[in-house]
Amino acid sequence: MAWKTVFTDSSPYRWRRARRPIVREDENIWRSAPAERVSFLVDGAAYYACLDQVLEQAEEQLWITGWDFDPRIKLRPDDPDAEALGTKLERLIAQKPRLRIRILVWAMGPIYSGKSLRLFRKQKWAAHPQIELRFASHRAFRGSHHQKLVSIDDRIAFVGGIDLTARRWDTPDHLAENELRRDPDGNPYDPVHDLQVVLEGEASRAIGDLCRSRWKSSVGEGIAAPGSTAVAWPTGVEPILTDCRIAIARTEPEFGRRRGRQEALRLTLDALRSARRHIYIENQYFASHRIGKLLGERLREADGPEIVVITTRSSHGFLEKVVMGGNRDRLIRRLKQADRYGRLRVVFPVVPAADGSEQEVIIHSKVVAIDERFLRVGSSNFNHRSEGFDTECDVAVEAASEAQSAAIAGFRNTLLAEHLDVEATEIDRLLQETGSLVAVVDRLNTRQRGLRAFDGIEDHGATALVWGTDIVDPHRPLRPFRRARALLRRWVGQLFALLSKLFASSQRRTSAIDSEINPSGNGRKK
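Take 1 as the starting number for the sequence shown in full-length UniProt numbering and just add one per residue.
Just so you know, the hints here were simulated from the structure itself, not pulled from any lab data. From the three backbone atoms N, C-alpha and C, an ideal C-beta is built for every residue, glycine too. Each hint should be verified, as a subset may be incorrect.
Heads up, simulated SDA-like pairs for lysine to any residue below, C-alpha to C-alpha not over 25 Å straight-line [to be verified]: (1) 74 to 183; (2) 293 to 52; (3) 88 to 25; (4) 293 to 269; (5) 88 to 234; (6) 216 to 108; (7) 96 to 108; (8) 74 to 190; (9) 74 to 182; (10) 124 to 137; (11) 216 to 344; (12) 96 to 223; (13) 74 to 235; (14) 293 to 320; (15) 321 to 301; (16) 336 to 356; (17) 321 to 290; (18) 88 to 77; (19) 216 to 97; (20) 321 to 462; (21) 321 to 477; (22) 293 to 95; (23) 321 to 347; (24) 336 to 216; (25) 216 to 127; (26) 321 to 344; (27) 336 to 320; (28) 293 to 475; (29) 74 to 179; (30) 216 to 132; (31) 293 to 216; (32) 88 to 52; (33) 293 to 472; (34) 293 to 314; (35) 293 to 235; (36) 96 to 76.
Derived CB-CB ranges, DEER-like [claimed, not checked]: (37) 341 to 432: 34 to 42 Å; (38) 471 to 188: 47 to 55 Å; (39) 353 to 446: 14 to 22 Å; (40) 425 to 300: 52 to 60 Å.
From just these sequences and the hints, can you work out the full model?
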């Protein structure tokens, strides 16, 4: 599908070159590289079908890095003859003797998702010499590897929020009940909305470099880049952008003497500061103090931008509900207090269920769209962990032409149209008519499938972070041993200071006694 946005001379959304760019190398990104073609794969079905096709072309290097990995999933559950992912990888290496497949998974990911590591030991493909499966521990205590990357011979790369694991596949319909939406054990799961980017060109080589860097850091083995191979752009996938520059931003925690990287956070903050008219956000979490503070400042501006946030309402587990859900509700309260001009909407998506009730759609995507100028997609959540504790990777494009600006606007409109159950052209028409993204949401949000407000959050109440946030959602590595050593050093220092005082006091008393016994002052008789 192609998207088109009409720009007229009288339109307030006509593209113009910005005075100061958002993307700045050596400040808020790791690397910028040209991409011949870029597309945005909305929801797991589109990503998995595209990946299923491109994997067949791998000749030398296939990299998979993720928070979790499940070889039992099928990339095409809509195909009765589809093979499991592990079986597919085994077939590929049998056909291609030069191919090497390297899979790097966060060590705790399979456990958090309810799998046992024994699952992988039972897989025949995992023992093949052409496949290396490694589980990467995180150097920061309780940190995770959250990047979701796939690189095929440095020619095609995928970046976003979707792991190759269970409970990620879904279609844009997000039906309340879908027989195809089952995990490898046959259990159904709720609708889930997500996003992945597919890249072609030098930008894909940069993603390959990142995969090799992660491998060397975790495994200790340096891998050379592959030679020149021909990997064709997937058929049936319409490029949304062509011949553009892709910015890559990372998050890496500090460790020892190694400096941390917070490019993704800096890029997001700079983008939010640059907004003039509209900020559109999709994110699994909405609990970042720094991002919330900046959004509040923008809402208090008399001529600031509108802000539309689509996030998840449900929480998994008690701690996530209390801390992440609690911080989300407090952030919404704080932003509502700042919204003196009525420019804020924070909502979650629903679809109709068979019994007439509403079924929530889980938001797992991580999207930031600024005006018709900037688009960021990746793995970074709007929580504290993603800002400096976990490893993350985002990609972004900043419009350098009217065509690129139209593509960004069109894609944002397509995302919003999916949630409102309307055509993207209707979003575009009404936005051109009103100039207001908030008005578009309010006017078109009339169907059974749509967006719902977070009701029940009182206007007055706590707005500070929930107690325990630093433990459940830390923004930097926890250093229990370092803190213990620092505490021990402080105690030892205090002990030595006390002993020094006692020693000095004892010396003064001794000198006073000597003076009384020997009044000459030098202790010798004359």
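Consistency of the hints with the structure:
no.	hint	verdict
1	74 to 183	9 Å, holds
2	293 to 52	42 Å, violated
3	88 to 25	39 Å, violated
4	293 to 269	10 Å, holds
5	88 to 234	18 Å, holds
6	216 to 108	19 Å, holds
7	96 to 108	31 Å, violated
8	74 to 190	18 Å, holds
9	74 to 182	10 Å, holds
10	124 to 137	24 Å, holds
11	216 to 344	44 Å, violated
12	96 to 223	19 Å, holds
13	74 to 235	20 Å, holds
14	293 to 320	21 Å, holds
15	321 to 301	32 Å, violated
16	336 to 356	31 Å, violated
17	321 to 290	20 Å, holds
18	88 to 77	14 Å, holds
19	216 to 97	23 Å, holds
20	321 to 462	16 Å, holds
21	321 to 477	22 Å, holds
22	293 to 95	54 Å, violated
23	321 to 347	17 Å, holds
24	336 to 216	46 Å, violated
25	216 to 127	21 Å, holds
26	321 to 344	23 Å, holds
27	336 to 320	23 Å, holds
28	293 to 475	15 Å, holds
29	74 to 179	14 Å, holds
30	216 to 132	13 Å, holds
31	293 to 216	37 Å, violated
32	88 to 52	9 Å, holds
33	293 to 472	20 Å, holds
34	293 to 314	23 Å, holds
35	293 to 235	44 Å, violated
36	96 to 76	22 Å, holds
37	341 to 432: 34 to 42 Å	22 Å, violated
38	471 to 188: 47 to 55 Å	33 Å, violated
39	353 to 446: 14 to 22 Å	18 Å, holds
40	425 to 300: 52 to 60 Å	34 Å, violated
In this structure, the hints that do not hold are numbers 2, 3, 7, 11, 15, 16, 22, 24, 31, 35, 37, 38, 40, in rising order.
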